[in-house]
Structures are given as C-alpha cells and as structure tokens.
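Working from the sequences, and respecting the hints, build out all of it.
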Amino acid sequence: MTKYVIKRILLAFVTLFIILSLTFILMKLLPFTKPLGTTSAQIAYYAKQVSLGYVLESSSVIDGIGELLYKYTDSVNMVHYYYQRPIMEQYGNWLVNVFTKWDWGVSTVIVENVDVGIIISTKLPTTIEVNVISVLISVPLGVALGVWAALKKNKPTDTVISTLVMVLISVPSFVIISFLIMTLGYSAKVLPTSWPSTRAPMNTRVLGFIIPVVSLSCGSICGYCRFTRAELCEVLDSDYLLLARTKGLTKRQAVMRHALRNAMVPILPSILAEIVGVLSGSMILETLYGIPGIGSLFYTAVTAKDYNVLMVDMALFTLIGLLAGIILDLSYGFLDPRIRMGEKK
Amino acid sequence: MANEETIKYSYTDSANIHHDAVLNKDMFKFNQADKTIHDVKLNGKPTTFARDALKRFSKNKSSIVATIILGIMVVLALLLPVCISYDTNTVHADETFLEPKLFSAGTGFWDGCKTYSDQTYDPSTSLPTGSFDANAIVKGSLTTYEGTTNKANKYASGGYYRIGDSSTSGTLTSPTFTYDSTKQYVLNYDMEVALEPEDYDDSAYGINLTYTDASSISQTIKVLADSTKYGEQTISLNAIIDGASVSGVSDFSIQYFTPSNENNLGTVYLKKSLLTEAGTTLSAVSFTDANAMVLGGTWSGVGTLDSLYGASQTSCSFRYDTYEAAYGKKDMTIGASILDTYIANGYMTYDFDVGITSFKILSDKCPITQVYSQKVTSGLGVVVKEIVCQVQYYRYLGYTSMPIHLLGTDNTGKDLLKYLCEGTRNSLGLGIIIFLITFSFGLIFGAIEGYFGGAVDMAMERLVDILGNIPWIIVVTLCVLNLGNSFGVFILAMSLTGWIGTSSLTRTQFYRFKRREYVLASRSLGASDNRLIFKHILPNSIGTIVTSAVLIIPSVIFDEAAVSYLGLGLKGTASLGVILSNNQVYLGSYNFLLLIPSLVMALLMISFNLFGNGLRDAFNPSLKGAD
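Line by line, the protein sequences are chains A and B.
For the record, in the first sequence the residue sitting at position 98 is 97 according to numbering that gives the first Met the number 0, with numbers rising by one throughout.
For the record, in the second sequence the residue sitting at position 236 is 235 according to numbering that gives the first Met the number 0, with numbers rising by one throughout.
These aren't lab readings, by the way, just hints derived from the structure by calculation.
There may be inaccurate statements among the hints.
Straight line, CA to CA, 30 Å or less: simulated DSSO-like cross-link-like pairs of lysine-lysine [said to hold, decoys possible]:
#1 K151/A with K60/B
#2 K359/B with K329/B
#3 K152/A with K58/B
#4 K154/A with K58/B
#5 K54/B with K44/B
#6 K152/A with K60/B
#7 K154/A with K60/B
#8 K151/A with K54/B
#9 K570/B with K304/A
#10 K153/B with K188/A
#11 K188/A with K113/B
#12 K513/B with K6/A
#13 K47/A with K100/A
#14 K154/A with K54/B
#15 K359/B with K328/B
#16 K150/B with K188/A
#17 K152/A with K54/B
#18 K27/A with K570/B
#19 K58/B with K151/A
What follows is the structure, encoded as structure tokens:
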C-alpha cells in the first residue's frame, strides 16, 4: 500500500512537471506581452525579468540574439537594451527559479509587478468561500435525495427525483446561472445581479451568495443523488441485506447499519475529491457572476494576455486535479480494505 | 416374471381405507417407438445482437422521445439555414434587437413588441420622450402613472443629487456668493445615505467653503470632514469663516464632497441645500429641487444628468412594436443616384426639373410613399440633388414585405432563428467530427494496449496517465492562444486528450474478452491477431464502447460553449457557445437573446443524455437503470 501511495504521488509530480514544462514552453512561444504602465514600472519589470534570467540586458545593440523588447536611456545617458533570451535558456532559468527560489514571476497586466503568488492568494479566499458553502449544501442534500429515491425505487417519488436529476444534470451550469440572474436578479429584483463588493451591506453580501451557490450546487446535487441512488439500489438487492432482514432487523436498521455503510464506500471518495476541488472554482460561473476568484482570474489572464498569471493559475488547476485523483483512488483502499489499490493479480 | 409385468402399489387414504393399484406393462405404450426424431425448425425468428438492442431501445419511451427531438433538431439545423433567406453574415444596423414575432402586433404574446416601462412622459404630445417612433407604440397600450426617474429632465421634479458613487469620489460646488461679515449665514442641507439596498451605509461626506484669495490662489476652509450625520442639518457659517481670518475676498462657494478614502467611499445623496443670509434665502446658491439644479447647470460637479436619483415624474409604460419602428414608414432624405435606380426599375417616376408634383408611384415595390420637398444644391462645381420623402423602410432595405423574425434578431441584426440553426449545425458538426477522430484513435490505441498487454501496455499506459491528467481547458487554451481560434484548431485541441476515455474503456474490454474460450479456440485454429481483434474481441465489446463514446458529442458541445465564455471561442463561425457568450451581455435588457439559445442548448443536452442512456440500456441490459 505504502509503495503504491509513493508511486502515485511520484507519478503525479512527474505529470505535473511535464505539463508545466510544456505549458511554459508553449506560453513563451506566444508573442511577448509588454507590460503597460509608467516608465518606472516598465523598467522595474524588465529589471526583474533580467534577474530571473528571462531577459538579457545590454548597453549596446546585439544582432541575432532575440527579440528586442524594450530600450530606454537613463539619467547618465546610457542606453539599456533588453533582449529576450532563447526559450530553452529561459526554461532552464525558470526551473532554477521555481525550484530554488519558488519565484514564479510577476504579473504584467492585471496588477503590474506584483508577485503572481500574491495575486492568486488574494483571489483564493473568495473561491473557497463560495465552493465550501456549495459543498456543504450539495453533499448532504444530494446524498439524502439519492437515499430517498433508492428507498422508494420505482415509485412516483423516485420517478420525480430521477427525472429532475436527469434534466438538471443535462442543463449546463452557465445556462442555470443565466436563468437565475434573469429571473431572480433582473425580473424579480430580489437578488443582486452580480457579486456584491466587499463594502456592500451585510445582507446584500449574503444574498449575493445565493445565485452562484445554487448554480454550483445544482450539478453536484444531481451527481451525488444519481450516484447514491445507483449504489444503494445495488446494495439493497444484495444477499447480505436479505440476510440482515431475515435475522430480524427492521428495515430501518438494515438500511442504516448495512446498506448505507456499504453504499458509502464509492461515494465518500468522490466527496473527498470534491473537497479538494473547492480550491479550483468554476471559471465560467465566476466570470459570469463577477466573483473575484481564481476561476475568473483565468478569464482575466487570458483576455489580458497576462501569461505569468495564467501559467500559475493553470499549475494550480492541474495540481488540484491530480490531488483529487490521488485522494479518490487512495481513499477507496482506506474505506474498504477489500480493495487493494495497485495490487498485482 | 410376474413382478416384472405387474407392479402392485398400495396406499391408505385420509379416511384410513386401504387401496390397491395394479399396473400392468400392457397399460403402457411407447409413444414414438417407430418414428425417427429430427431437429424441428425453430418457429421464432433468429435475432442478431443489434436487432435485439434495437428492440430493447424501442421499448424505452423517454429515449425514443429524446431521439425524436434530437432528430428534429438535427433536421432543423440542416434545413432551416438553407430555407431562411435572411442574411446572417453581415451587420444590419437598422434591424437590431427585433423581438421574436409570430403573431401580428398587439396580440400581446410573441408579437414582436417590447414592453417599456418607467419612461418619461411628455404631457404636451401625450408620448414618451426619447427616440420612440409614435407609430410604433401599440395603440391603447400606453398607461401613465406617478413614478421616479434617475435622469434629469424637464418633466421631472425633486429628487436627490448623487455625490460620488461606489467607484469614484465626487464633488458638488455651488455658484459663488458674496460674504458680508456683518450678516448671519446659515447653511441648511439634507444629506441622505443608502437609499438603494446595495448602497454602503458607512459612507461619509464633507463640506468645504472655497474661495479665491487676494493672490488668486484657491483656498479651502473645512466646514465638515468625514461626517456621517444624515438627515436635515443646519450649520452656522460665520464662526468658521471668521475663524479662518479671511480678508479681501468675496467669492465664496459651498462644496459638498465624498472623501476619496478607499474605505469610506460610497453614494451619498443631497436632497437640498439652502444658504440663508440674515434670514433671507440666497436663491442663487440654494436648491430644493435637485432635478432643476442639475438642469440649471449653475452648480458644478463631476455629475451628469444621470447624477439625479429618485426625482418624481409622470412615467409611462407601453408596448413598442419593434418591427414598425425598424421597418415602418420613415421620413428621410434620398439622393438622386438611389432615385435613378428606382426609376430605372420602373418603381416610380420623378423629375427634378418639374418638382414634387412629378412624383408618381408605378409599382407597389416602390419604397417612397410620399415626397415632401426637393433640395438641389450646388457647391464646388457639383450639383447635389436630394428629395425629402416618406419611405416604407422595409422596401428601402430590399424586402418585398414586412419581414418576420420568428425568434427576433440580435445586436447585429442577424435573424436569430437562422443564426441559431447555423450555430447548432456547426456545434453538432464539431461534436461529430471530434467523436469520429477520438473514437477511432481511442479504439485503436486501447485495442493495442489491451490485446498485447505487457510492456507495450505499460509504456502506452504511462502516456495515457500523463495526457489524461492535463485539464482539457488548459489544452484548449494553449492551442487557441498559439494557433488561433479556427474550426480546425478546435478539432485538434479537443481531440488531443479527448480519446483517452475511449481508449481506457477499449483496453478494459479487451482485457475482459481476450482470455475467453472462444478466443483461445480461434487462436488454436491458427487465427491471426488481426482476425482475433476484429472478428472476435471487437464485435463483443463494441456495444459498450460506442454507447459511452457517443456522449463525447454533447460533451464537446458543452466544452466549446464553456471555452467561448472564456473568450476563446470560435472566430467568424457561428456555434452555440459563440451565440450564448455573445448574447450574455444582453441579459436583463434583451432576455430572449440569451433565453432561446440557452433552451436549445439545454434541450440538446437532455436529449443527448437520454438517448445515450437508452443506447446503453439497449446494448448493455445488465446496466439497466444504473444511471
């Protein structure tokens, strides 16, 4: 087991490394985004790039080395030229910077010359807030609905729940959020039509959570409900449950002590994986509702062509995805000792 | 022997009476002793796997409905763009934002009319103010009521002036007045906060007295700084001005402002400001009617007409026929060159030398219905001939009758129905192409992995591990940023990692079937790998693989829409995602533009999922009901 865990984690790091390397190189192949802003801010940006080893500073024109990015004349009449280094050289320096100094670079457009890590960390709390609330609502509700549907299998209750789940799981979340903004925001005017700022009154801010949380939860409630129903239906048909009933347990006891516990084995890991996923947020929902989280940061970074921010945002998304995958796989083994992950035949 | 021929059997019945039964061999006869038994031809028809699946599929009602809906949508998406003649490639500036129309105007439902409310009412013309066409207002739909407005206009009164707003600090400065130190000056004002629920109730404001001193430098005396006293307030100014020991100047003005302090910035509202000099109101530097103050223009600030809040006015609501407004009769000026084409087409006659009496309509295709006057001007050696006339605008645009857009038009005047069908067609096309690519590649990849196993499998599985862990959004983002957002790039980007699902499933299926006895039997008979894969293993596993791979199509449509929302969508090609993301900004103003494409998207997704479930139940009956 330990060997398997170590293997999985190592593989995740190898994957992350390869993905980030590819991302870095592909990003560097894109046209260089020159920083906007004042001359002093630009000079500060290029100085930082020189110290990170991505840009070469020279006092004279050099031919055939790379794109000339910027030049300025300083107070003592010396001209500074900034050239882009070859991409593989930049890649080498990037590896050194990340591994030795944990320096991921600075933002060029979004907030000039601010460390990317700081930008991400200011955006993260909002994303986590929204997602945690969504998980807290969707997990119990989804599981409860699933249990209810399974216990009333093939009865009207089950049909209604299953049909609703089928419909809602098919409707994309951005359609749901648009619809909610349209009806509850613009027509009924009971909820804010976009994310209230931090200085808005408390009740407005609380109301501001409703639309994004509902549209985020909708999909996961349906997912959990469907999953729980399928698992529980299977367990309810099993022989050991029949045995439990013949032993004289009431239906309630049999379901609570035997069926649910076993049905939870595949459900719990996906809940754990989702808890890791709260960090990633939904890009589209955050963009549409104007939530200043790391999902909408991705959108902002793409449209503003702020590649350093985009790079780190992507790294974060990938890392979260990998972590969730590992947790999903490993927790199966922990929850049900019969499942030995990675075991040879 | 007797006991061979006779079997004696005795028993006692329930009433304790003894019975004997004697059975002789003669009593038994061979039924078919002289017949040879052959195999009887089966009465039922033999069925194939596919036919059996189809039978099961046709019993699933919801899947059948979904398939029919899907079929209708596909047919419509292919047919309608050909049938509808409206142009969706260029911008039609005159035909933007037409509402969906099926019935004639005034029906109240789906009639191409838009309901306007809270519009300023002009009692002199009995019409709403603004650029509304009087002919297009649906007769009898106009109702007036006492309402409020946030835009200063001459029909409104009262209200509040907004000083600053949630993002910028603001000031409002009165006209100047002359200060006479022998008289008493009292400032009486009414400041309010948080009139709207979204407002911050911790906002502050300040009041300054400004004047230009003897050496022409602007000076400021603070009356209040960062005050949060709201409601009606009275301040005596004498002590403040005297305390500042001002001499030799006279031009004072009162300045209200919101502090530019980051944490203390919001919307505060000034209802009135009265300055009294020895008990007499200085009307030039006072106002009690914010609407009149904004219109008067003697007070200076950063605000515009929109700085007004909650002024009372007679508002009106009405239904507005957008088709009449866009295509109805309009007065316009038409140049000689256009007239010449009309004359050449035989629509009308006109002679500039004779004048407007020479105008005669010859055909009902003629756009011009009435000529008011003609203008002949010459300058720089060029003679410009024009007529001012009334035009039936749809004819002017080249239509023979008033166009009807079933689902309305968007911000560029494109017919939404046609554009939506084109978008659906392209989205479906994208989905099907990507499905074909990823399915065939995934099938081959997974088959090789699963069939050969061992080191080949190990090596290929590592590739899958790495590729499968890259979030698709990152692949698409990188591809689009590097290669541009064309149809081909999308296919490439979505195919790059899209095949992994199919390949994993194929691999599992091959592992499941390759050790089966029938494969072994075939192998012992000397069957080649090719034959084993394509004749034995694949046909057994294809059902499961296809049914799950078919769901690639809706997921591609969904992903494409998601990417469009992130601003990386297709350029120059309509698709559901492009339409949805373009129309997102009209949420709240033209809801139908977002609502209709959303419904199409939702319907497409639901139908695809139900269809997929039906397929799975049909091909894999053991999974039935396990959603």
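Going through the hints against the structure:
For the given pair, K151/A sits about 21 Å from K60/B by alpha-carbon distance, which is consistent with the 30 Å threshold. About 18 Å separates the Cα atoms of K359/B and K329/B, which keeps this hinted pair within 30 Å; it holds. A distance of roughly 20 Å separates the Cα atoms of K152/A and K58/B; the hinted pair therefore holds under the 30 Å criterion. Taking the CA atoms of K154/A and K58/B, the gap is about 19 Å. The hint holds against a cut of 30 Å.
For the given pair, K54/B sits about 13 Å from K44/B by alpha-carbon distance, which is consistent with the 30 Å threshold. Restraint check: the Cα-Cα separation between K152/A and K60/B comes to about 18 Å, which is no more than 30 Å; the hinted pair holds. Only pairs whose Cα atoms come within 30 Å are accepted, and K154/A paired with K60/B is accepted, the gap being roughly 17 Å. The suggested pairing of K151/A with K54/B holds, with an alpha-carbon distance near 28 Å, which does not exceed 30 Å.
For the proposed pair K570/B and K304/A, the alpha carbon gap of about 18 Å is at most 30 Å, so the pair holds. Taking the CA atoms of K153/B and K188/A, the gap is about 29 Å. The hint holds against a cut of 30 Å. Straight-line distance between C-alpha atoms of K188/A and K113/B comes to about 19 Å, which keeps the hinted pair within the 30 Å bound. As the CA atoms of K513/B and K6/A are separated by approximately 28 Å, the hinted pair is consistent with the 30 Å bound.
In summary, the hint linking K47/A to K100/A is supported, as the alpha carbons are separated by about 14 Å, within the 30 Å threshold. Simply put, K154/A and K54/B have alpha-carbon atoms about 25 Å apart, close enough for the 30 Å limit, and the pair holds. For the proposed pair K359/B and K328/B, the alpha carbon gap of about 18 Å is at most 30 Å, so the pair holds. Simply put, K150/B and K188/A have alpha-carbon atoms about 20 Å apart, close enough for the 30 Å limit, and the pair holds.
Among the hinted pairs, K152/A with K54/B is consistent with the structure: their alpha-carbon atoms are about 25 Å apart, no more than 30 Å. Our distance criterion of 30 Å between C-alpha atoms is met by K27/A and K570/B, whose separation comes to about 23 Å. Using a Cα cut-off of 30 Å, the hinted pair K58/B and K151/A holds, with the two alpha carbons roughly 23 Å apart.
Checked against the numbered hints above, the structure violates none of them.
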